[in-house]
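Chemist: Sequences are here, hints too, so could you generate the full structure?
Protein chains: 2
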Amino acid sequence: MTYKELDRETLKKILKEEYKKYNNYKNLELSYDMTRGKPCKLQLDLSNEMESRKYLQGFHSISDQEVRNYGVLDGIPEAKKLMSEMLGVGTDEIVVGGNSSLNLMYDMLVRFMLFGTGTEGCKPWSKEEKIKWICPVPGYDRHFLITEKLGFELIAVPLLGDGPDMDMIKDLVKDPAVKGMWMIPKYSNPTGEVYSDAKIRELASMETAANDFRILCDDAYTVHFLRKGPAKQLNVLEACKEAGNPDRVFLFGSTSKVTFPGAGISAVCGSEKNIRFLLSYLTVQTICYDKINQLRHARFLGDYNGIIAHMKKHAEIILPKFEAVDKILTRELEGLGILSWTKPDGGYFISINTLPGCASAVVAKAKECGVKFTPAGSTFPYKKDPQDSNIRIAPTLPPIQELEAAIKILCVCVKICSIEKLLEA
Amino acid sequence: MTYKELDRETLKKILKEEYKKYNNYKNLELSYDMTRGKPCKLQLDLSNEMESRKYLQGFHSISDQEVRNYGVLDGIPEAKKLMSEMLGVGTDEIVVGGNSSLNLMYDMLVRFMLFGTGTEGCKPWSKEEKIKWICPVPGYDRHFLITEKLGFELIAVPLLGDGPDMDMIKDLVKDPAVKGMWMIPKYSNPTGEVYSDAKIRELASMETAANDFRILCDDAYTVHFLRKGPAKQLNVLEACKEAGNPDRVFLFGSTSKVTFPGAGISAVCGSEKNIRFLLSYLTVQTICYDKINQLRHARFLGDYNGIIAHMKKHAEIILPKFEAVDKILTRELEGLGILSWTKPDGGYFISINTLPGCASAVVAKAKECGVKFTPAGSTFPYKKDPQDSNIRIAPTLPPIQELEAAIKILCVCVKICSIEKLLEA
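So the protein sequences, as listed, match chains L and A.
Going by this note's numbering, the first residue of the first sequence is number 1, and it counts up by one from there.
Going by this note's numbering, the first residue of the second sequence is number 1, and it counts up by one from there.
It is possible that part of the hints are untrue.
For identical chains, the list gives no copy identity; a pair is met inside one copy or between any two copies.
Said to hold, decoys possible - Below, in silico cross-link-like pairs of lysine-lysine (DSSO-like), each with a Cα-Cα straight-line distance of 30 Å or less:
(1) Lys21 with Lys372
(2) Lys4 with Lys372
(3) Lys273 with Lys383
(4) Lys12 with Lys421
(5) Lys228 with Lys383
(6) Lys149 with Lys127
(7) Lys41 with Lys81
(8) Lys312 with Lys54
(9) Lys313 with Lys54
(10) Lys343 with Lys21
(11) Lys383 with Lys127
These are calculated hints, taken from the structure and not from any lab test.
Modeler: Next up, the structure:
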């Protein structure tokens with residue numbers, strides 16, 4: 001029987017029991033942080049070897065470029081090759097950047113604001129009266145924050161399990177003020193969903209009123225599988241080229257969760273025209289990115305197969321954590337009708353949905369008990385989840401015992417808050 | 001006797017002789033590149049040891065921060081300490097960045113454009129009708145390029161050997177559209193001059209019509225001495241605080257020419273209010289800079305004394321090159337009244353001035369002979385030297401024999417072009 005089907009007396013009885021458990025946990029004075037999607041120490045250790053001097057032998061790239069000196073704005077050839085294999089593009093469709101793909105996205109939008117997109121007849125976006133931007137939800141708070149700070153009007157579009165609601169998007173893009181959208185095509189943060197090829201084709205081919213409509217496609221988890229290997233997926237740049245809209249998308253990726261977050265290498269991909277556009281402004285902004293780190297990465301990871309072999313080691317470490325969360329949620333909450341959760345094949349998150357109006361209360365309740373989850377609402381534009389239902393669970397960082405304890409506490413909190421909500425009604 | 005004092009016949013005779021030399025050089029089919037202020041291989045080798053794993057032992061900063069994972073936007077404490085000692089500021093007045101201080105400057109101006117400076121009552125600069133910007137000349141082309149691309153009107157102000165023409169600057173800043181200036185306070189690129197403390201005080205204390213007037217102070221060569229040690233100089237941030245204008249300046253620096261250009265660490269300094277302003281936007285732009293590289297640098301260089309000891313080794317390698325250039329210029333051209341040149345105590349350049357109207361011709365003539373110098377005009381806004389007189393010589397990169405050959409050819413070209421100019425008159 002679901003909680004909704006139970007009578008008030010039964011619910012009150014359960015509530016009392018759950019509060020007993022809750023208070024026991026509270027007395028333990030725990031302090032767990034479940035907020036960030038960070039790799040754990042064991043994962044980081046997988047790449048320690050990369051810092052060996054042997055990977056820098058000679059300090060020259062295969063095209064004989066000195067990596068210790070200025071120059072080579074678009075990246076050394078072996079790094080371009082590595083990242084283009086990872087992201088499924090040509091080596092003339094990529095620029096290898098510094099330690100942050102998020103920074104590349106920020107820079108790109110700033111470029112659009114100050115200089116435009118390079119599309120004929122279109123103004124710099126800062127000269128437009130209003131810019132509207134599509135945000136598939138639930139999504140990544142740092143994406144939403146960038147577009148919010150730039151003054152865009154953010155429009156939430158629900159993700160449906162295989163990508164966003166395309167009817168809604170196709171309707172929205174009839175408005176010329178709608179200039180683009182965020183997109184995490186594979187193992188999306190936090191839902192873990194993989195965009196279907198059909199939806200990717202629709203996004204690539206749909207008519208948009210804005211000629212300079214741009215998809216900022218953050219392929220952050222493209223090789224971050226948990227089970228058999230990365231999901232096969234139509235490449236977004238390829239789809240845009242096929243649809244005759246080659247300049248519609250910029251594709252981003254990084255090794256942040258392959259090697260070291262904050263000390264990886266990033267990349268931005270686009271049509272050859274878009275890459276020329278990008279370089280013409282990048283050359284004003286900086287002299288070059290860190291080529292020593294590019295060389296280190298290219299030699300340590302080798303090629304696509306090297307990346308996949310490395311990601312398999314990550315999966316071996318973190319899959320048990322994802323399974324532990326699923327096991328506890330199933331044991332404690334299945335069939336009660338008070339929580340749904342995702343069972344992703346990759347990425348860094350489990351996305352849970354409480355009864356409407358309960359997410360903030362659950363997070364607050366858990367915090368009181370010493371367990372910090374990502375604030376409810378964070379996965380929505382302006383940090384406002386209209387349903388107050390979604391919470392992002394990041395299982396990778398904590399040790400498994402800590403994770404299990406935190407999820408057990410979460411379950412108690414979900415039960416308590418759900419019952420309190422049902423009793424209110 | 002100077003060339004101007006010689007009669008036409010004598011000049012023609014000299015011209016004929018110099019053309020003979022010129023053609024001999026031309027027949028050698030040389031290919032020398034003197035364009036970029038890059039360290040040479042021997043200089044780069046001084047820092048190879050930094051890439052040893054021993055400097056990363058433990059992968060944690062002194063405040064126990066994991067350097068391999070996300071976080072710590074403002075830099076790890078030991079990197080902040082190192083860079084604040086180098087730049088003469090407090091550890092609460094600094095943010096340690098990535099591999100490029102030029103990128104930090106670009107970002108700062110972009111921030112001013114889109115969001116303003118944080119000064120009460122002032123608009124984002126993109127909302128202003130016109131932004132004017134003071135450019136001390138000759139100066140650094142990459143500075144001028146940034147402000148040009150952002151659409152600022154660039155105003156050249158001559159450097160006088162101890163900093164810019166302050167009368168001119170004090171007059172210019174009466175215009176509220178004049179929002180700031182570039183500044184390389186020590187061993188300026190390319191003149192090598194050191195701003196006097198008096199001029200620094202004037203810049204810090206002068207009244208400006210714009211409340212959000214900002215000095216972008218690129219202290220790129222602060223420890224880059226050639227002889228006895230770095231010149232003592234009043235710290236610009238200190239001067240601004242003393243003058244009651246603490247927010248007037250942002251101070252930039254990097255280890256690009258200490259360790260590896262393109263793979264060093266950078267820093268931006270400012271008043272505590274300015275640092276808060278900066279971090280409030282930086283947190284939208286990126287998650288963190290490369291802390292592994294910060295740790296590597298902090299442990300390899302150690303402290304200020306470690307930096308100075310390291311820079312002494314650089315000086316030992318490059319001082320002979322500066323002296324070789326000076327020796328040849330003196331031997332070939334002293335007393336002829338056709339070329340003046342600087343004798344810097346630090347930095348990366350020798351700045352030469354030909355007779356008015358000769359610089360482009362000299363560079364073209366040398367190029368024809370297989371020696372590439374930085375294009376004439378590059379040291380001025382919009383690449384236009386109104387006198388067509390200044391050329392930047394970068395002695396550090398080429399091997400000394402190559403450098404000497406290039407400078408001998410330069411001397412022949414200067415003689416030829418000067419005589420041709422004098423004969424025109």
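Chemist: Are the hints correct? Go through all of them and say.
Modeler: Consistency of the hints with the structure:
Within a single copy, Lys21 and Lys372 get their C-alpha atoms as close as 18 Å, which meets the 30 Å cut-off; across copies the closest is 78 Å, which misses it. Proximity of Lys4 and Lys372 under a CA criterion of 30 Å is satisfied intra-copy only: 28 Å inside one chain copy versus 81 Å between copies. With identical chains, the CA atoms of Lys273 and Lys383 are at most 30 Å apart between copies only, with a shortest distance of 27 Å across copies and 36 Å within one. Taking identical chains as interchangeable, the C-alpha atoms of Lys12 and Lys421 lie at most 30 Å apart only when both belong to the same chain, with a minimum of 12 Å there against 101 Å between chains.
When the C-alpha separation of Lys228 and Lys383 is checked against a cutoff of 30 Å, the pair qualifies neither within a copy, at 34 Å, nor between copies, at 57 Å. In this assembly of identical chains, the alpha carbons of Lys149 and Lys127 lie at most 30 Å apart whether taken from the same copy (16 Å) or from different copies (16 Å). With identical chains, the CA atoms of Lys41 and Lys81 are at most 30 Å apart both within one copy (29 Å) and between copies (27 Å). For the identical chains of this complex, Lys312 and Lys54 are neighbours both inside a copy (24 Å) and across copies (28 Å), given an alpha-carbon limit of 30 Å.
For the identical chains of this complex, Lys313 and Lys54 are neighbours both inside a copy (22 Å) and across copies (25 Å), given an alpha-carbon limit of 30 Å. In the homo-oligomer, the alpha carbons of Lys343 and Lys21 lie at most 30 Å apart inside one protomer (27 Å), although the nearest pairing across protomers, at 79 Å, exceeds that limit. Taking CA atoms no more than 30 Å apart as the test, Lys383 paired with Lys127 passes in both settings, with 27 Å inside one copy and 28 Å between copies.
Consistency with the previously given hints fails for number 5 only.
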